[in-house]
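In my numbering, the protein residues as written are 80 to 281.
Bear in mind the hints are in silico, worked out from the structure with no lab data behind them.
Note that this is a predicted model, so its numbers are computed, not measured.
One or more hints might be untrue.
As the list claims (entries may be wrong) - With a straight-line cut-off of 16 Å between C-alpha atoms, the simulated EDC-like cross-links for lysine to aspartate or glutamate are: (1) K140 / E101; (2) K160 / E101; (3) K121 / D239; (4) K140 / E166; (5) K123 / E237.
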Amino acid sequence: SSRSVSAVAKVFSVQRSRLKFESGKNLIFLYEPGKQVASAVKIKNVSRSPVAFKFQTTAPKSCFMCPPNGVIMPNETIVAKVVKYVEVPEGPQQHPRKLKDKFRIVSLKVKEGVEYTPELFDEQKDLVAVERVLRVVFLDPQTASPAELEKQQKRLAEADAAQEARKKPQNDRSHKGGAVQGFVIDEWKERREKYLAKQQAE
């Protein structure tokens, strides 16, 4: 019936991708047990409207995203950095190629001028779309090719540059609500170091 067709069309329009990802479906980290390692994901808003986004993870105690959320304007691209603490394996076991840890990026179409707030996604749950589910993949620095390592370093350098840009005063920004969560990751690092020190003391 025409009603069912329109219902399907409505679902399709809601679920159609608003964001484009250049990193595929994996987040690649160097495997360095006992250390904080980083990965990066480039996200572009390919829709005609501002899009609010946020990261969700199955491992909030060992991972952090920067920025964890924000609003991306049409045709704007951001580079988000993901930091993860790699647990030290018990015993002489081979490092895992993949982990069960996952990151989910969800999006919501918003009006121009709207700033990100946590309530945005709660108030419009029916319009929230899951854009991408990213899996953790480890790259062994001992066996990885120079090309793989160079690609990883380039990706992280781009993320670091984007993070530094977010830290600077942005009085001349042409829009509000951008992803400007620059200092949060430093606070998280400090909390993580205190947590590890407490564990070692015990």
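Comparing the hints with the structure gives:
1. K140 / E101: violated, 26 Å
2. K160 / E101: Status holds; Cα separation ~13 Å.
3. K121 / D239: Distance ~12 Å between K121 and D239 Cα, so the pair holds.
4. K140 / E166: holds, 12 Å
5. K123 / E237: holds, 14 Å
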